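Novice: Sequence:
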Amino acid sequence: MHTQKPTIHRSEWHGKARRQIRETLPLLLLLPLLPFFSCRQGTDRPLTADDYFRQGQALHREHYLLRAADCYHQAARLAGRDSMLHARLSLELGRINRFKLQGRAEDSCLDNALRIARGLHDSVLLAEVRHEKARSLIARGKHGTAKALLQRALPQRPEARKDLARLFLAERQADSALAVLSAETASPACRLMRAEAFLMLDRYDSARYYLEKDSAQLSLRERVQACRDLARLEEATGHPGRALAEMKRHADLRDSLAADHREELQEKISSSDEYRLQRERAERAERERDAGQVMFYRVLSAALALIGLLLTLFIRNKRREAHLERRLRQQELEATRRKLEYYRSLNAITIPILCGRRNEQGALHLGDDDWEAVTRNTDACFDRFTERLRAHCPLLTEEDVRFCCLVKMELPLAVLADIYHIAKGSISRRKMRLKEKLGVSDGSFDEFIAGF
Numbered sequence: 124m125h126t127q128k129p130t131i132h133r134s135e136w137h138g139k140a141r142r143q144i145r146e147t148l149p150l151l152l153l154l155p156l157l158p159f160f161s162c163r164q165g166t167d168r169p170l171t172a173d174d175y176f177r178q179g180q181a182l183h184r185e186h187y188l189l190r191a192a193d194c195y196h197q198a199a200r201l202a203g204r205d206s207m208l209h210a211r212l213s214l215e216l217g218r219i220n221r222f223k224l225q226g227r228a229e230d231s232c233l234d235n236a237l238r239i240a241r242g243l244h245d246s247v248l249l250a251e252v253r254h255e256k257a258r259s260l261i262a263r264g265k266h267g268t269a270k271a272l273l274q275r276a277l278p279q280r281p282e283a284r285k286d287l288a289r290l291f292l293a294e295r296q297a298d299s300a301l302a303v304l305s306a307e308t309a310s311p312a313c314r315l316m317r318a319e320a321f322l323m324l325d326r327y328d329s330a331r332y333y334l335e336k337d338s339a340q341l342s343l344r345e346r347v348q349a350c351r352d353l354a355r356l357e358e359a360t361g362h363p364g365r366a367l368a369e370m371k372r373h374a375d376l377r378d379s380l381a382a383d384h385r386e387e388l389q390e391k392i393s394s395s396d397e398y399r400l401q402r403e404r405a406e407r408a409e410r411e412r413d414a415g416q417v418m419f420y421r422v423l424s425a426a427l428a429l430i431g432l433l434l435t436l437f438i439r440n441k442r443r444e445a446h447l448e449r450r451l452r453q454q455e456l457e458a459t460r461r462k463l464e465y466y467r468s469l470n471a472i473t474i475p476i477l478c479g480r481r482n483e484q485g486a487l488h489l490g491d492d493d494w495e496a497v498t499r500n501t502d503a504c505f506d507r508f509t510e511r512l513r514a515h516c517p518l519l520t521e522e523d524v525r526f527c528c529l530v531k532m533e534l535p536l537a538v539l540a541d542i543y544h545i546a547k548g549s550i551s552r553r554k555m556r557l558k559e560k561l562g563v564s565d566g567s568f569d570e571f572i573a574g575f
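In terms of this note's numbering, the sequence shown opens at residue 124 and continues consecutively.
Quick caveat, the hints were computed from the structure, so don't treat them as lab data. Don't take each hint at face value.
In silico DSBU-like pairs for lysine-lysine, Cα to Cα no more than 30 angstroms straight-line [unchecked claim]:
{"#": "1", "residue 1": "270", "residue 2": "285"}
{"#": "2", "residue 1": "265", "residue 2": "285"}
{"#": "3", "residue 1": "336", "residue 2": "285"}
FRET-style restraints, in silico, Cβ to Cβ [what the hints assert, rightly or not]:
{"#": "4", "residue 1": "227", "residue 2": "266", "range": "15 to 23 angstroms"}
{"#": "5", "residue 1": "382", "residue 2": "242", "range": "46 to 54 angstroms"}
{"#": "6", "residue 1": "411", "residue 2": "431", "range": "24 to 32 angstroms"}
{"#": "7", "residue 1": "428", "residue 2": "463", "range": "48 to 56 angstroms"}
{"#": "8", "residue 1": "516", "residue 2": "452", "range": "32 to 40 angstroms"}
{"#": "9", "residue 1": "324", "residue 2": "171", "range": "52 to 60 angstroms"}
{"#": "10", "residue 1": "421", "residue 2": "206", "range": "39 to 47 angstroms"}
{"#": "11", "residue 1": "367", "residue 2": "264", "range": "28 to 36 angstroms"}
Bear in mind the structure is a predicted one, so any value in this text is a computation, not a measurement. Where a beta carbon is used, it is the ideal one built from N, C-alpha and C, also for glycine.
With the hints as extra help, turn the sequences into a complete structure.
Specialist: Below you can see the structure in the form of structure tokens.
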């Protein structure tokens, strides 16, 4: 029995061309804007207030005060309602203004930080602001008010201990200084202050102990102070020669410290000048960029108008293509439906013919031509079923493939039992053997064949 497959009229090349146009058209529409967008991509993501604050702190630690102040002002502009950040910024700007000897600006910043800290009820921040305010008052000679602020800040801020001890030493209250330093003995600065206090009390052995202990760990500035105190100690203990030697060391170290300070100051001045020039160049470049924005927006408007026109044409073309695709899909579905109906009709004819091949005892006997018709109809109806099945499992015999074709055609179990002259239970066992042979792990054999 010969069959003929119906053909579907569709141009594969035209379909591929339409898909390529649909994928590349949006990219082609963006090509006119690439020069404009590329010139606007010179900066990374916008910096946040915290980013500017941390950058300002890093510059502040390196004594780049102008650049640090700019970062702090940028952070304050972006901080919004972050009261804690505003307090920190006011505190840092107060420190910069003290270095620049701008007393009013320093007081304004520190008072603002103090007001915010009180409103936040943050004891740690409040102690830090009081400590900084006390340092400002010490520089102006207001020791009484500074002492009161340091004593209030001391419980939450142990760093205030050193400044309070220096204040007591400046007032020649050595016992009070030693009492303050009793809990702080590790740092070299505290050891030197202890030595100075013992010198005031004429306790020379204790002073010598702290001056000579771990002298190699002292910084250059601390060695200058240690040599000065050792000279005073040697002079007080009646050793003028040793005192003179220590004074010479003190003078040499002080000259080295002054030279280092001049070098650092020159470097910072040079860096500040360079930063000022860079900032002027940046401002000039920004003005030029602002002047060029008018032309940019004009070109952008024209480009957007062109894009709008192209998008309108593109959308209209896409709608037309979608309509054609729907029509084509409907035609394909209709052709598939007709094909299935055709082969169902064909099977409806084939199965009764097969069932009519019964002998006098009622048994079915199919010849090679009959089996060829079964496999041919199955392949035509189910898209090369036997070819795909053999590719999936090359171990299948011809008898196995024929059995799978009958199952694919959804023949009843009774008909299968009649064709193979065996009981229905044997048909089920044969399906189980083929299921293992095909490596089917999920679902039944019938479900696998139906979906294959």
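Novice: Now, for every hint given, state plainly whether the structure supports it.
Specialist: Here is what the structure says about each hint:
1. 270 with 285: holds (12 angstroms)
2. 265 with 285: With Cα atoms ~17 angstroms apart, residue 265 and residue 285 stay inside 30 angstroms; holds.
3. 336 with 285: holds (19 angstroms)
4. 227 with 266: 15 to 23 angstroms: holds (21 angstroms)
5. 382 with 242: 46 to 54 angstroms: At 47 angstroms between Cβs, range holds.
6. 411 with 431: 24 to 32 angstroms: holds (30 angstroms)
7. 428 with 463: 48 to 56 angstroms: Holds, since residue 428 and residue 463 (Cβ atoms, about 52 angstroms apart) stay within the stated range.
8. 516 with 452: 32 to 40 angstroms: About 34 angstroms separates the Cβ atoms of residue 516 and residue 452, which means 32 to 40 angstroms holds.
9. 324 with 171: 52 to 60 angstroms: holds (54 angstroms)
10. 421 with 206: 39 to 47 angstroms: holds (44 angstroms)
11. 367 with 264: 28 to 36 angstroms: holds (34 angstroms)
Hint compliance for this structure: every hint is met.
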